Amino acid sequence: MSEETETRLIVVAPDSEITPDHVTRFIHALELPITVKETCYGAIIEGKRELVRKALQEVRKLDPNRICSKIRGFPMGDMRRCRAHHGSRPGFPQLEKEWELLPLIAEGLRSAERGEKIEEPERKVKLPVKELKKIVEEVSQ
Amino acid sequence: MKIFIDPPNSLILYDLVERFGHEPLSTMGALREKVNTLEMDSPPLNITHEDVQKGLKYAGIEVPSGIRGRLAVFGPLVDEAEAAIIMEDPPYAFGCVGCHRTTLMLKYLIRKRNIPLLEVKYPTSEDEARTMVGKIKEFLEGLS
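Those sequence lines, one after another, are chains A and B.
When we follow my numbering, the leftmost residue of the first sequence carries the number 1, and every step to the right adds one.
When we follow my numbering, the leftmost residue of the second sequence carries the number 1001, and every step to the right adds one.
The set of hints was computed from the structure by calculation and includes no laboratory data.
Note that the coordinates shown come from a computational prediction; the quantities given were computed from them, not determined experimentally.
For each residue, glycine too, the CB sits at the ideal point set by N, CA and C.
Don't take each hint at face value.
These stretches of chain A come out as covered by chain B in the derived footprint (C-beta under 8 angstroms, 3 or more residues) [said to hold, decoys possible]:
#, stretch
1, 64-75
2, 96-108
3, 118-127
Given these sequences and hints, build the entire structure.
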């Protein structure tokens, strides 16, 4: 595979109205000489780097804040990763976890577009032992 | 600019870095060269003797081979980076980012390089996500 070839995951946020089927059909309709495969989270595309980037640029316009993408190391349908050949899928649990989080990131992007001021929210912390002891004592009295 | 992301296979960080006009340095990019090379050194992943030696640059011989192996992939990316973003406390630890000791060593290597560095926390609510994305945007726009 040449250096100029790129494989990309296109991931659609769970709260988006766009479906993986829509994404795949849209890319097909662009009529670019790239390979497209529909997946449960969006699509995988592969082809010459500039064409893949062009397809990504176009597909992002469908829902700019809720369509995300990253490159993939293994080529599409690679025997070492392909489910049809019982390949392992070590990256999928991580991808799934981040996919769940995409609605929050989309909200973050909208907020950044509006130019909202960054304010550090208070993070939830674990209950200190002293506090817990105090509660237990109060309840047991 | 070339931005190293940690966790190095994060979809969110990869997408945000690219969205704000920079080049992310990730595991996927580094491994792509290995798995796509036609050499038959050590199929199926083409791990060579040179890779093993590369790991020694970042961690001593007494360090477990798994850590050295991981650092052989991540280390050159850190060397190449012009800036870095670390996302603390990601809830997933699978595959290449599953080793906590490697993560600690990696953060040490990044901090040692004295490049512009942003440390954010993995968001768990909308407020935290707004802060995280805002900080990343500000950081990346400030670099160019």
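Going through the hints against the structure:
1. Evaluation of the coverage hint for the stretch 64-75 of chain A: fulfilled, as 8 residues show C-beta separations to chain B shorter than 8 angstroms, against a requirement of three.
2. Judged by the Cβ-Cβ criterion of 8 angstroms, the stretch 96-108 of chain A is covered by chain B as claimed, because 9 of its residues qualify and three suffice.
3. As drawn, the stretch 118-127 of chain A meets chain B at 6 residues by the rule of a beta-carbon pair under 8 angstroms; at three or more, the given contact holds.
Every hint from the earlier list agrees with this structure, and none is contradicted.
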